[in-house]
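K.L.:
Just so you know, the sequences run in chain order G and L. Each residue of the first sequence is one higher than the one before, counting from -15 in the numbering used here. Each residue of the second sequence is one higher than the one before, counting from 536 in the numbering used here.
Be careful, since some hints might not be right.
Said to hold, decoys possible - Computed list of lysine-lysine pairs in BS3-like fashion (alpha-carbon distance at most 30 Å, straight line): (1) L/Lys740 / G/Lys340; (2) L/Lys740 / G/Lys(-12); (3) G/Lys236 / L/Lys846; (4) G/Lys(-13) / G/Lys236.
For the record, the hints were derived by calculation from the structure and aren't laboratory data. None of these values were measured; they are calculated from a predicted model.
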Amino acid sequence: MTKKRQILFSVIRGLLAILIALLVATLLIFLSADGGSFGAKLSATGDALKQLLVGPLFRMGRSGAAFDFKRLTDILASMIPIIFTGLSVCVMFSANQFNLGAEGGIMLGAFTTGMVAVYVPMAAFLHPVVGVLVGGLAVAAIMLLPALLKTKLDVSEMVCSLMLNYIIMYLIKYLMNTYLADKTKGQIQSYEFLETSKIAPLIDNGSKLSWGFVVAIACVVLIGLFMFNTRWGYTIRMIGINQAFAKYSGMKVATVIVLSQVLGGFLAGIGGGIEMLGRYPTFSWSSLPGYGWTGITIAILAGNNPWFVPFASFFMAYLTKGCELMATYANVPSQLIDIIQGVIFLFFAAEQFLSKYRQKLVVKTAQEELATKAALEAQKGGAEHA
Amino acid sequence: MLNFLKMLLTPEFFFSIIRISAPILFATLAAIVVEKAGFCNIGLEGLMMFSALTGSLVSYYAHSWVWGLLAALAIGVLMSLMMGFFAFQLKTDITLVGIAINMMGSGGTLFLCKVITNLTEGTSMASSTGLINSNLLIPNINIPLIDKIPFLGSIISGHNLLTWVAFLCCALTSVMLYKTSLGLNIRAVGENPNAASSVGVSVLKIKYIAIGFSGLMCGFGGAFMSMYYAAGWSLDMVAGRGFIALAAQAMGGGECLGGMLSSLVFGFAQALGIKFSAVGLDSNLASPIPYAVTIIGLVIFSLVRRSRAKKLHSAAALK
Chain G
-15 MTKKRQILFS VIRGLLAILI ALLVATLLIF LSADGGSFGA KLSATGDALK QLLVGPLFRM
45 GRSGAAFDFK RLTDILASMI PIIFTGLSVC VMFSANQFNL GAEGGIMLGA FTTGMVAVYV
105 PMAAFLHPVV GVLVGGLAVA AIMLLPALLK TKLDVSEMVC SLMLNYIIMY LIKYLMNTYL
165 ADKTKGQIQS YEFLETSKIA PLIDNGSKLS WGFVVAIACV VLIGLFMFNT RWGYTIRMIG
225 INQAFAKYSG MKVATVIVLS QVLGGFLAGI GGGIEMLGRY PTFSWSSLPG YGWTGITIAI
285 LAGNNPWFVP FASFFMAYLT KGCELMATYA NVPSQLIDII QGVIFLFFAA EQFLSKYRQK
345 LVVKTAQEEL ATKAALEAQK GGAEHA
Chain L
536 MLNFLKMLLT PEFFFSIIRI SAPILFATLA AIVVEKAGFC NIGLEGLMMF SALTGSLVSY
596 YAHSWVWGLL AALAIGVLMS LMMGFFAFQL KTDITLVGIA INMMGSGGTL FLCKVITNLT
656 EGTSMASSTG LINSNLLIPN INIPLIDKIP FLGSIISGHN LLTWVAFLCC ALTSVMLYKT
716 SLGLNIRAVG ENPNAASSVG VSVLKIKYIA IGFSGLMCGF GGAFMSMYYA AGWSLDMVAG
776 RGFIALAAQA MGGGECLGGM LSSLVFGFAQ ALGIKFSAVG LDSNLASPIP YAVTIIGLVI
836 FSLVRRSRAK KLHSAAALK
């Protein structure tokens, strides 16, 4: 198949997967819509869909939709943590390591960074940098556990990392409840972060779009270069494609498997830290935030390619915002996002989805090639005769 | 310490181990059978969530636990066959299918619960606990005679119907795997699909049966959770049991008996955690115990397997 057709095919396939997910969503919205009659339900569904698809960027008023800059910055702000978890999952999945610890990782990173921000006074510029790095290193260290168990003892990194998520969550809750909570407050939260630790907003309109966004994009570039332009990145990808080949061609498979998970943990950790210092005044998470799972969806949408992560993150942030708006204005529970996410995920990852169409394209390309060859031959032959 | 031990060695404690092990055992059996068929279903968690929700809602609307249980089983099988369709027909990586199911099983079930019941306790939380009364729970079964035995009687008798079913299923699954042609086919497909296919076994069909079986077991597990154990559905109520089951399968060496013993180990860890929090340990410190035990268990299992392999190796070398 020509390159152009290949790209065309992936685009069509992706769009169709999203379309199917939206159709499922529409059906579910229709079932949950208010209204007694079929017509009333239909119009309620229409309103809800408008919120989902157009709402994230445009404010719906009587005079029609108007572009809302604040909402755009909201979306960009909510991209920050999921870019990091997306990158984290990309790196780990590229090495065929199904480590699902990004979820616990981002919580641990947020917690560790938060504690540095509360208890370790430092100079203004240094504070967030050190805090976030400490958060990242803490998660990187934790990820050594599933990674080393995998390489040394062949323990499933998937089960191990899943268990770690729960352990991390409960231990953080324990530490918060017993030692670290600000007892003067009604809910469980830490003391306020020191002023020096906060990550400054990029645009001051209450959207929480902080400089963390710039760091996130910088990380995309770094990880993109790392994966495609360094020896280590090449090894990671080669292990993912064919581990036995990588081993027999002399690559340090075990080391790189550990590296990929530690790096993935580090990314999740700094993601949590940046999210914490850029958005919140205190640490108050009491359960896993769900960014790790969104990160997996993003990695699948991006085909494990770090360069596509920002786009996939934008898409997911957009949909999430749409679902939140639907919950507010159209009374559709916002957890619809999980179903949409699941359906997109299933079709995107489906290799044989539209395989007949791909087959047709391949055949068509081959026939065209043969035809041009034949035409050329005929020309040549004609020239010889003459 | 002595007091604490005394507290542990009560019939109630052993009773609770068996009770807590049952849903893990169901999920472990699911994991065992698909593993025998040559793949790994990590969507057990999500399947159990869907079954749990369906079971509690149907029993509420149909005013009968029987219908609730049947619906939970049906939805478990249907969803697992759907997983099979994506994994076998559309060639999605089975791990990813599992992740997708888990994703939907977490937030998606909350969405469905809110939509179906119109319950909105607060903005994010909703549960069907308020809908379930004791008549809608799956009943307990007292066995005459056995419950008269001192100590042992009060451990074994009085269990829930589904607890019995769990241990019965364990025995039946073992028989199914090793004494029937279906079991032989499942194991053959797992060992070498090409060989199985060459003697006329439909690999696809066997794989569908295996994953459907895992859905059935998850249906039981989910019904156990929402129609007995927690008396109602709530968000993320399965709490990693589907994942623990994957570890139990590995630790049990992929066999039913071993899987049952590992489920009991996890049941013990969890019951111990509950006891710890009863004597004043912070529940947040007690809750991670089963998860930590899972990791430790996997490590021990792997060490044992390794040393056994080494012994075999050196024995072979000496010959």
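K.L.:
In ascending order, which of the hints set out earlier in this document are inconsistent with the structure?
P.N.:
2, 4
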